[in-house]
Amino acid sequence: MSIYVHVPFCASRCGYCDFNTYTATELGDSVSRATFHEVLAGEVRVAARTLDHREVSTVFFGGGTPTLLGASALAEILTTIREEFTLAPDAEVTTEANPDSVDEA
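Position one of the sequence shown corresponds to residue 194 (this note's numbering), numbered consecutively onward.
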C-alpha cells in the first residue's frame with residue numbers, strides 16, 4: 194500500500210499550478226502550518242484503523258510544498274505513520290521540495 198500525504202501550503206502561487214494549494218495570504222488565520230502536522234496525525238490514525246494497519250511500501254509527501262512544514266514536522270508525520278501502519282523495511286519515502294525551503298539539516 195502507498196500513502197500520499199498532501200501538504201497544501203505554498204510560499205507563492207505558481208501560475209501553472211492546478212493543485213489544491215494555498216499561500217499564507219489566501220489562508221489568513223484559518224489554518225496554521227504550525228499545527229497542521231498534529232491534525233494530520235489524527236487523520237493518519239483514523240486511516241490506519243480503517244485500513245487495518247496494513248503494510249506501507251511507499252510514503253510520498255506532495256502538495257504544495259511539504260518542506261514548508263519543516264523537517265521536524267515531516268519527521269513527526271512519518272513517525273505517526275510508522276506507529277500506526279507497518280512500514281516495510283525497504284519502504285520508499287519521498288518528499289517534494291522547493292530549494293528555497295530546505296537546508297542542510
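Watch out, some of these pointers could steer you wrong.
Stated by the list, open to error - Derived Cβ-Cβ restraints for the label pairs, each shown as a range:
(1) Y209 - R242: 29 to 39 Å
(2) N213 - A290: 10 to 20 Å
(3) E248 - A217: 28 to 38 Å
In short, the hints are calculated from the structure, not lab data.
For glycine and all other residues, C-beta sits at the position ideal for the given N, C-alpha and C.
> Tell me, which hint numbers fail for this structure?
Replying inline: none
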